[in-house]
Structure formats: structure tokens, C-alpha cells
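**Student:** So the chains spell out like this:
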Amino acid sequence: MIWLAWRQFRIQLLVTLAAIAALAIYLVFFGRGVHHFYDTQIAGCTGETCANAQEVFNDKYFNESMLIGAALLFLPALIGCFWGAPLIARELETGTHRLVWNQSVTRTRWLAVKLGFIALFSLAVTGLLSLLLSWAAQPIDKLFGSRFGPMTFDSRDIAPLGYAVFAFILGTTIGLLIRRTLPAMAVTLAIFIAVQIAMPTLIRPHLMSPITSTVAFTSDFLENKQIDGIGSSGTSGGSSGDTTPVGIFGYNKPGAWVLSSPFHALLKADGSAFTRVDMRSCMTGEQTRDGTCLASKNVHFNITYHPASRYWTFQWIETAIFLALALALAAVCFWRIPRGFS
Amino acid sequence: MTPILETEGLSKRYGRKPALSDCTLTLPPGRIVGLVGPNGAGKSTLLGLACGLIRPTAGSITVLGERPAANATQLARVGFVAQDTPVYSGLSVADHLRLGARLNRSWDQQLAEQRIKQLGLDPAQRAGRLSGGQRAQLALTIAAAKRPELLIFDEPVASLDPLARRAFLRNLLEFVAELDVSVVLSSHVLSDLEQVCDYLVVLVASRVQLAGDVQDLLAEHYLLSGSRADLAGLPATIEVIQVEHTPLRSTAVVRCTTPIPRAILDAEPVSLEQMTMAYLTRAVEMSEPSFSTKALEVQR
Chain A
1 MIWLAWRQFR IQLLVTLAAI AALAIYLVFF GRGVHHFYDT QIAGCTGETC ANAQEVFNDK
61 YFNESMLIGA ALLFLPALIG CFWGAPLIAR ELETGTHRLV WNQSVTRTRW LAVKLGFIAL
121 FSLAVTGLLS LLLSWAAQPI DKLFGSRFGP MTFDSRDIAP LGYAVFAFIL GTTIGLLIRR
181 TLPAMAVTLA IFIAVQIAMP TLIRPHLMSP ITSTVAFTSD FLENKQIDGI GSSGTSGGSS
241 GDTTPVGIFG YNKPGAWVLS SPFHALLKAD GSAFTRVDMR SCMTGEQTRD GTCLASKNVH
301 FNITYHPASR YWTFQWIETA IFLALALALA AVCFWRIPRG FS
Chain B
1 MTPILETEGL SKRYGRKPAL SDCTLTLPPG RIVGLVGPNG AGKSTLLGLA CGLIRPTAGS
61 ITVLGERPAA NATQLARVGF VAQDTPVYSG LSVADHLRLG ARLNRSWDQQ LAEQRIKQLG
121 LDPAQRAGRL SGGQRAQLAL TIAAAKRPEL LIFDEPVASL DPLARRAFLR NLLEFVAELD
181 VSVVLSSHVL SDLEQVCDYL VVLVASRVQL AGDVQDLLAE HYLLSGSRAD LAGLPATIEV
241 IQVEHTPLRS TAVVRCTTPI PRAILDAEPV SLEQMTMAYL TRAVEMSEPS FSTKALEVQR
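Residue numbers (my numbering), protein chains in the order written: chain A, 1 to 342; chain B, 1 to 300.
In case anyone wonders, no lab produced these hints; they're calculated from the structure. You can trust all of the hints, since none of them are fake.
Calculated lysine to any residue pairs in the SDA-like style (CA-CA distance at most 20 Å, straight line):
| hint | chain 1 | residue 1 | chain 2 | residue 2 |
| --- | --- | --- | --- | --- |
| 1 | B | K17 | A | F341 |
| 2 | B | K17 | A | R339 |
| 3 | A | K142 | A | N52 |
| 4 | A | K297 | A | E286 |
| 5 | A | K268 | A | C293 |
| 6 | B | K17 | B | Q209 |
| 7 | B | K117 | B | E178 |
| 8 | B | K17 | A | G340 |
| 9 | A | K268 | A | S296 |
The whole structure should be built from the sequences, with the hints applied where relevant.
**Tutor:** Structural data, given as C-alpha cells:
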């Protein structure tokens, strides 16, 4: 039976291996470039040179790493469409299931070998690329601290393994239920994309309960680039009066996943809003004076987030969820197959 | 001896549409059983049920005493050649033999190779490039070389031209004698089966109309002719299957298990075709009061 699985799959397998090999070589070169740049120009740098080097580093490698991440994100979709969907649908479509299921191998065993063989291969391919990308992009992820970003999280470490197996068995199941290859491919792609959008936006944030904490707003925030800007929320813009609350935009906690909205309202010691009047008195541009002023009012804001230390927990949970979904779908196949087809 | 196929109240419906209704059959071993009926009568459904590709809606079915496709051993005992004789178009003839060898413990490689050679098939040829007749032969070879106790063919010759049809059936006969295997094959063309079968099952409109040994059946059926009144006054031991009236004469195909009374004149032996047509026509007339041409699809 393994021979048949191999014989029917070998062309796809060889084509894939060639593509994967090319991608892997490219990733090795890319990774060496990234690491070399980081080790020689960024590690241990100081001051102005450092900022410039980081800028160059960003320009040179960030977009490329995102593109590779996107490709890796798309790989499971390809596996689902091209390996999963036709697996049973094509047999049903061409009628060859009536040939192969009447040899002395039970349908359950036939399915188990086919699913096992290709699922393992999917794991190997995705695992290799994910490993290479995780290594290659490690300095980038470290520097820009966005490991929880949807593109980054989904294309690094073990999460892609879960997606690959899930997509493959999703395709197989859809093919089994629809019984036609092309529609099954389309449906598989649609479902997989929907899941990939729903997961980071709707489900992943709630996998663990986030932490809420208070951050003191000091004059440091005015100096460095931890935030994008200060201002008022809403559309009222500059016409707002003295009592309009003020907040900060785009607070970034390195390595963590901040869930609260990009606008964080600034609060004073008693919890009341920090307004434009307060802002005028405490943000004059004189750093020492402003610092004391902000400290005296205990200006702060609240954030909800997942700390950086949860990264691996999230990776494991995510992978486990997708493997569990894959198992459930496989159970559907094993239940459906012996029930016969007209 | 265990019957090759035994069903009890076997039914299969797709939604509301019955494909096979209340089928109770016992097929003896060591025969070549012909299953005849018009298209859509339920032949493929019955054979699909027998090899476990379809599950029944109601009733029971055993093949060689076991549930169809129950396990690998049962699968090894039954060879099945599906309608349109599916093969993997991307695999070569040799690959198909390898497939058979890998997937069947009881595989007879010598038999398979010998047959391929006899048929003049090129082992390197892709199955997708074979003619319909060659494909059917390849499918037959795979089914036979696993050395089953029962071979089931679903319309094996339907897509073949008359010449290939005859060659296939003749080849099948030689084969069966050599292998000592029971055979069930279906066709909507009676003449195909007439050449090879010694046991007949007539299936129309999802129901079994007639089943039995061909010689026994022929011995029990007669063609009577006479006036309308003659045929109306037949004794109860004679079952009228189907009557045809012309202004001058009426002819009837009848079944009588006891010797036909001497008093009845013009009792002639019936041909297999006349007998089968009588059952087909009766079944079609019963299921569709306005006579349809469906029965005529079963042609000579």
C-alpha cells in the first residue's frame, strides 16, 4: 500500500522537493546575510551609528522577511488544495476507487496509509522551511520585537506544522464530501483562508487571559520612539477644547502582544483624564521639568497585553488546536469512507 | 456449499428513489451467473452492494458467507471489475500489475504476466492510452490474478464494440474454466449473457423478476398460442407471464413447474430471449401502465 501511495504521489513529491530545495537554499543565503549584517553592524553598536544601521537593516531585510513569511503562510493552502483535495475526490471522479478498494486492502488501511504518508511529508516540508525562516529572521524578529504579529507568528517555529497537517486533511475531507476535485480545491482554499484570518483576529487573543497593567507616562516616552504620537482620539482634531482628553498612539511593548486599541488614554493619579490643559503645563519641551511635572501628576495609561514570555505557550496551543482539528477531520474521513458511495 | 451470494429483503434507496427493492436471492457456487435488466434496473446497485462499495438501506447480504468487504480476507476472496473498467490512466500496464502484487497477498504474478503477454499488451504502455477492450482486459487480469473465489463483473462489455465484446467473453469463458471460480456478470444485452451464462437473474425496476438455472428455467417455460378464450381458461398450475394478442391469435409465455397438460395444444419450448423478454415486458407494463420502450433496450 505504501508503494501505491508513493507511486501515485511521486511526481508531486519530486516537483515539491525541487521547489522546496530551491527555497531552502535561498533561505540559507538570506539568513546568512541577515545574521552577518546583524553581527557586524548592529550587535553592540551605540548611539547614532546604531540607529542608522538599524534603519538600513530594516530597509534591506524587513520586507523580504515578510514576503517569505507570507509564502510560508501560503504553503499549507497549497498543500490542502493540491495534495488534500484530489486525494479521494480524484479517485471518486475517475472511478478508480472501485478498482483500488477491491484489492485485498481495506479502505480504512488505504486511507490510513495515504493520510499518514502525505501528512508526514507535509510536516517535513513545512517544518524544514519554518525552521530555516525562524533561524534566518531571528535577528529581525528580535530587533523589531514583533513575534506576535500575524505574519510573523504564523510563519515561525511550530505553528506552520499545525497549519500544514490541518490544511491537508481539510482538503481531503472536503474532497471526500464534495467528490469533485476542482470545487473541493476552491472550497478548501476559501475555508483555509477564512480560518487563517479568523484565528489571529478573533480567536488567538483569547487563548489565554491577557494581562492588564499600568504604565507610567514619563518624559522618556517623549524622547524615544516607543510610541507613534500624542493627541486626542476621535475626529474632532485640533478644534477640541481644553478639556479634551489626551492619549498616546501606537504604544509598542517590545516582544509583547498589546491587545488594547492603538489609542491609550492618558490618566492622572486620581484616574481622571489627562487633558490638553494638563498637556500644556507638562509638555513644554524641557525634559527635566516635564519629567517632574508628569511624575507629580502620576500620569499613566492602562494596557492589556500578552507578555513576550507567552510566545512559546501560544505557539504550542495554536499547533495543538490545528492538530486537533486535523484529527477531527480525519475521523470524519474514517467514518465516511466505509459507508459506501453510489 | 456456501452460496456465493445470499440476500434477504435487500433494499437500497437514494433519497426517495429505490435502486433495489426487497431483493431475496440465493446464488449457488460454481456457476456463471448472468444478471440482466434494462439500464437503471438496479444491476450496478446489487453488484456494488455485493462488493461492499455501497451499503444497504435495509435487509441483509452475505457474499461467500461473509459481509461484503468486511476485512482484507473477504476482499481477497472477491474480485470485482467495475462498470467502465476503471484503471489509473497515469500508470502503466506493468504498474497495474505491481499494484495488484502489492495489494493482494494471494497475487498470481505468473498468471498476470502470461495474460498480458497473450493479450499482446505492452507493459510499458500507459493505461490511459489503452483501447476500451484492452482496458477491460487489464481490469479483468487484475481481478483474476488475485485468485478470488468469486469474480464479479459489472457491464464488462458495455463499452466494447461487437468484436471486442466477443473476444472478451470467449476469453472470460476459457479463463473461468482454468481458474475454477464462480462468476457473476451483468449486462443490459441478453445476447452477451446467453453465450456464457448457466444461471440467470432478471432484474427490472429495482426488483428481481426471475432467478434460476438456465436449463431448469427453459424446461419450465412454454410458449402457448391459441384464441383469447383458450388462454383465458388455463388451469391454475399454469402461470401466465405475458400475453400478446393479435386479431387472429394470442400467444403467451407461461410457467408451469409440473408437466404441461396434454390437453393444451401448441405448447412449444421457449427460447431464452422469449422468456426473458416476457418477464421484462411484464415488469415494465406493471411499473408503467403505458407501455414504454424501456424493455426494448434489452435487445438481441
